[in-house]
Structure formats: structure tokens, C-alpha cells
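Engineer: What follows is the residue order along each chain.
4 protein chains.
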Amino acid sequence: MPPTRTTLRVRYAETDQMGIVYYANYFVWCEIGRVEFFRQLGYDYKQMEMEDDCHLPVVESHCRYRAPARYDDEVAIEARVTAVRSTVIKFAYKILRLTPDGEQLLAEAETVHVTVNKSMQKRNLPEKYLLAIKATMGSI
Amino acid sequence: MPPTRTTLRVRYAETDQMGIVYYANYFVWCEIGRVEFFRQLGYDYKQMEMEDDCHLPVVESHCRYRAPARYDDEVAIEARVTAVRSTVIKFAYKILRLTPDGEQLLAEAETVHVTVNKSMQKRNLPEKYLLAIKATMGSI
Amino acid sequence: MPPTRTTLRVRYAETDQMGIVYYANYFVWCEIGRVEFFRQLGYDYKQMEMEDDCHLPVVESHCRYRAPARYDDEVAIEARVTAVRSTVIKFAYKILRLTPDGEQLLAEAETVHVTVNKSMQKRNLPEKYLLAIKATMGSI
Amino acid sequence: MPPTRTTLRVRYAETDQMGIVYYANYFVWCEIGRVEFFRQLGYDYKQMEMEDDCHLPVVESHCRYRAPARYDDEVAIEARVTAVRSTVIKFAYKILRLTPDGEQLLAEAETVHVTVNKSMQKRNLPEKYLLAIKATMGSI
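Protein sequences, first through last, are from chains A, B, C and D.
Quick note, the first sequence lines up with residues 1 to 140 if you use my numbering.
Quick note, the second sequence lines up with residues 1001 to 1140 if you use my numbering.
Quick note, the third sequence lines up with residues 2001 to 2140 if you use my numbering.
Quick note, the fourth sequence lines up with residues 3001 to 3140 if you use my numbering.
Read the hints as simulated data drawn from the structure, not as lab findings.
Don't be surprised by glycine CBs; every beta carbon is placed ideally from N, CA and C.
Be a bit skeptical, because a hint or two may be false.
Stated by the list, open to error - Derived list of chain A stretches under chain B, where covered just means 3 residues or more per stretch with a C-beta under 8 Å from a C-beta of chain B:
hint: 1; region: 19-32
hint: 2; region: 109-119
Said to hold, decoys possible - Over the 12 Å line for every Cβ pair with chain A, so calculated as not near, a few chain D residues:
hint: 3; residue: M3001
hint: 4; residue: L3008
hint: 5; residue: D3016
hint: 6; residue: R3039
hint: 7; residue: Y3043
hint: 8; residue: D3044
hint: 9; residue: E3049
hint: 10; residue: E3060
hint: 11; residue: R3066
hint: 12; residue: P3068
hint: 13; residue: A3092
hint: 14; residue: T3099
hint: 15; residue: R3123
hint: 16; residue: T3136
Chain A with its partners taken away, still in its complex shape:
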């Protein structure tokens, strides 16, 4: 499966006084990419939390910023899973600026997540998610 692609427009609130998007906000965009990844698999992350009591807190985050995003830019977030085990999921992201002339890479990021219940105790990723995610990696 190719990476999930989600588009958004940069909000004024996301800029800072340097006139570019504040660096922490790229991780908010990654979260949007993750959620859409699950939606394309046919699952709501909301349901994963509410019905399966499975939450995905972040244990590691990393971003390399290639070019600044600016106010009102149209931006695409590509998200895919690069590794999954029973209690760990690793996502990789590309953040791209969409212009009439094509795309420009703005940032590359990774996040690592563990699967926990509501009380933040480790638990296994439910089988249905594990299988669906593995299928996106061509590993089943």
C-alpha cells in the first residue's frame, strides 16, 4: 500500500514571528496523518480508543526540517507504518508543500508508539489492527 496522503492548509495560528510554521506543529500534522492512515485501513482511531481500549502514546518523535512551511501553504502529509510488533508501532511521514509546479519536501518525521490501555498499562495491539497494518507493509 502506498503511504496515506492527507492535505491541509497552514493556519495562521501555526505560524510564529519568524513568519514560518512553528516547529512543534509538524508533529500535530503527523498525528493527522496517523489518523487518516487508520481511516484508510477501515478503522477509526477513535474507536480503537473507545471500543478496544487501545491507545497509542508516543514514546519517541523525530523530525528533520528541509524547508519552512508558510501561512496558507497547501501541505500534504504522507504516513506509513515502517514497523509493527504486538506492543509497538513505528510511523514514518513526509510533509510536502503542494504548488502548481509540483511538490516540495518540507520535512521527514518518525514517531514510535506503544499500545496501552486507558490506565496507561501496556497491552497488545488487537489482532485486527496488527493484521491490517502488516498488510500495508506487504509483510503478510
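Fit chains B, C and D to the known structure of chain A by using the hints.
Structural biologist: Using the frame of chain A, we list chains B, C and D on its own:
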């Protein structure tokens, strides 16, 4: 009781590309003022939520911006309660810039809150908070 | 002209520990509505800032919250101008939850803006914007 | 020089519906630590931007989350520079929870910055900052 006063320094993240603090962030500062108001009364808002199952969602917010706050400004938030009933609390705030030469009014705000339980059902403000708040208003 | 309508999905980052959208974030959504209002008029707010040196800082904001927005809700922001003069614009907004069964009003808001240049000095709203905005109000 | 230490209290706005601090907000805290690092050196980051036209956009960010920060926690941010060259500065951070019983490590982070002018063109870090920073590393 005079208004509770809390000070903070403007974060880079709170500015936008106009070079001033993004307007929604003043309401984040109001929240900080509210929490310190309760702390000065001898109560943790955290405990009000966890031990008394009493939460204070906002049903109305209002702010008049007098002068822009800027990055690294030292800012004071004054908070006081202007009205309280069994299920409603109304706060008023002043946001001030602190400079070596004195204070400058940056904004005035109000928020109105209802008291609810964890399931967002209306409930009464526990008596101890009601009494303590009324005492700050000189109305007991 | 009917109000401009923009839709978005509630981000995880926009929620707080009460499990609902943090109250200040509704004003971020209002900003998105304003920008789309100008885009539907045929103008980029970005160009208004860069080419016409006309900026619209907020001098007053107000929101009445009717029902909480929640994570992953599909939300519509309706924006329209209710008053415009040479140096002041007033917007009104409705925030709605979109569900398969229809729409639910989540919040109503207003913002008042003054027109300034890059140095935050008052200036007139350029004629082209003034006329276009007035046309949306049926007042020309 | 030991790391610069700044303390803050977790804001309600910084939590998410998992009941913990949203992961992107740790990078906002890192920024606060950086600014205080410069202040302890005797410099305002604000002046570096305004008087020296030297800005420090982030080109890489990384965080390992050890334990979740929660609403109203008292948190300390330790910041120090681990590498500096004429156009690059690398910071390392520790985020700690302060409790009556001691400190708990919540997260470790790094950010890498390049020095640019207002137009985002690379420029050298002014000598005074370079020397002052090197002095904190014991490398002069």
C-alpha cells in the same frame, strides 16, 4: 480579596507571523489565571476534577484586546470571580504587560463556566468551593 | 451571499483532558473561516498582508459554547461579515457538528478586527476589499 | 556551566484526551529552555533576532518520552548546548517532573538549529554568542 495575580513570559510558540501573540492564546492565559485563583483559595483545580468529580467547562468567553503582547514580554494575569451560583461561575481577567516603567493593560476578558461531572452532566458546585469563592467576593 | 462554509476534522491535539475540544481552539477555527471567506471573495488573506500591507488584528473576540466538540468530529465553520467600515470589520461565525443525521450547533462566535499596516498603525481597508465585503452583505 | 533550569506548571491546554500532555508540547517547553539558556548567558534571544538579525530555526528535533507529564505537574526543563559551530547550534534537554519526593525524568530531547538572517539566508552566529556558548561547554 484582591484578584489573583500570576506572571508568565510570552513563548515564541505563542506568537504568529504578525509578530504578536495569537489572539486565541489569551484564553490559555486566562485558564492559568483561573487555576491560580483556586490555588490561592487553598484548592487544586486538579483535585476538584479528580476527587470531587467537578469540572468547569466554558460556556462563554469574551476578550477585548487593548495592546498586542509580544514575544518574551513579562505578562501578569489577574483573575477574580464576579459571580457564582450553584452551577455557574463567572471569571473576569486583566492581562497586563510588566515593564520596568510600570504596567500596561493588554486585554480584559471574561469566561463563564458551568459545573458538570465527568459525563458532562450538570451538577452543583461543592459547598466548600462555593463558600470559599463567595468569600473572595466579600459577599458572605 | 450565504456564509462561507469550511469543514475540518477535530485534531487530537485540539482536545484536552476533559475529552472535549479546548475552548480557545474555537477561535483558531474562526480564523480558518475568515480566511476562507476572503478566498471565496477571490482574495487571499496572505496577499492582503504581503501585497497591500493590510493586516487584521483582533480587537475583540466572543464565543458562546452550546455543545462540546469532540475528537474526530467533522465540523463546519460558517463565517460572514456583519459590519464593515474603513478601518473595522466584524465577523460572525457558527460552528456546527456534521453528522449523518444532520447538523448540531456547537458554538456561535464574533470577532472584531481593525485594519493596520505592518507596523501596527491604523490604515484604511483597501477599496477593493471594502466593496467586495459590502457586496456579501447585500448593502451595495 | 551546569544546564540552565527553568520550571513551569503544566497547563490544561497542554493536555489531550488521553489525560497526558500532548507530545508536540514538549518541544514548546524545549524552546522555553533555550530562551532561558541565552538569558543566563546574559543575552536575550529577542535581541539576537532584532538587533543582530540572527534567527535560529530548527532543522532537526528529537524527543524520547520516558513518562507522561500530567496537568498541573511542576516541570523543570534543563537545557545545554552540546555542539556549536559558526552556523549550527545543537541543544540537549531533560524534562523532569518535580515532586516533594524528588525528580522524575519525563523526557530527553535534542534540537539542531542553523543561524539565518530575517530572509532565512544562512549567516554566521555573531562572535559574542559563539564565545559565550563555547564557554558553557568548557571548550575555551
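Engineer: Please go over all the hints and tell whether each is borne out by the structure.
Structural biologist: Tested hints:
Figure legend: the region 19-32 of chain A, annotated as covered by chain B; annotation consistent (4 residues with Cβ-Cβ distances under 8 Å, at least 3 required). With 0 residues carrying a beta carbon less than 8 Å from a beta carbon of chain B, the region 109-119 of chain A misses the three-residue requirement, and the given coverage is violated. With a least CB separation of 25 Å from chain A, M3001 (chain D) remains clear of the 12 Å interface cut-off, as annotated. At the 12 Å boundary, the C-beta of L3008 (chain D) stays outside the reach of chain A, the nearest C-beta of that chain being 15 Å off.
With 12 Å as the threshold on Cβ separation, the claim that D3016 (chain D) sits away from chain A is violated: the shortest Cβ distance comes to roughly 9 Å. For R3039 (chain D), the non-interface assignment is confirmed: its Cβ lies about 18 Å from the closest Cβ of chain A, beyond the 12 Å cut-off. Remark: the non-interface label on Y3043 (chain D) is consistent with the geometry, its nearest Cβ contact in chain A lying 18 Å away (cut-off 12 Å). With a minimum CB-CB distance of about 14 Å to chain A, D3044 (chain D) clears the 12 Å threshold, and the non-interface call stands.
Against chain A, the non-interface label of E3049 (chain D) is violated: not every CB pair exceeds 12 Å, the least being about 8 Å. At roughly 5 Å, the least C-beta separation between E3060 (chain D) and chain A is not larger than 12 Å, which violates its mark as non-interface. For R3066 (chain D), the non-interface assignment is contradicted: its Cβ lies about 8 Å from the closest Cβ of chain A, within the 12 Å cut-off. At the 12 Å boundary, the C-beta of P3068 (chain D) falls inside the reach of chain A, the nearest C-beta of that chain being 7 Å off.
Residue placement check: A3092 (chain D) keeps its beta carbon more than 12 Å from all beta carbons of chain A (closest about 14 Å). Taking the minimum C-beta to C-beta distance to chain A, about 17 Å, the non-interface status of T3099 (chain D) holds against the 12 Å cut. Every beta carbon of chain A lies more than 12 Å from that of R3123 (chain D), the smallest distance being close to 14 Å; the non-interface claim holds. The Cβ of T3136 (chain D) lies farther than 12 Å from every Cβ of chain A, with a closest approach of about 23 Å, so its non-interface assignment holds.
Consistency with the previously given hints fails for numbers 2, 5, 9, 10, 11 and 12, ordered from lowest to highest.
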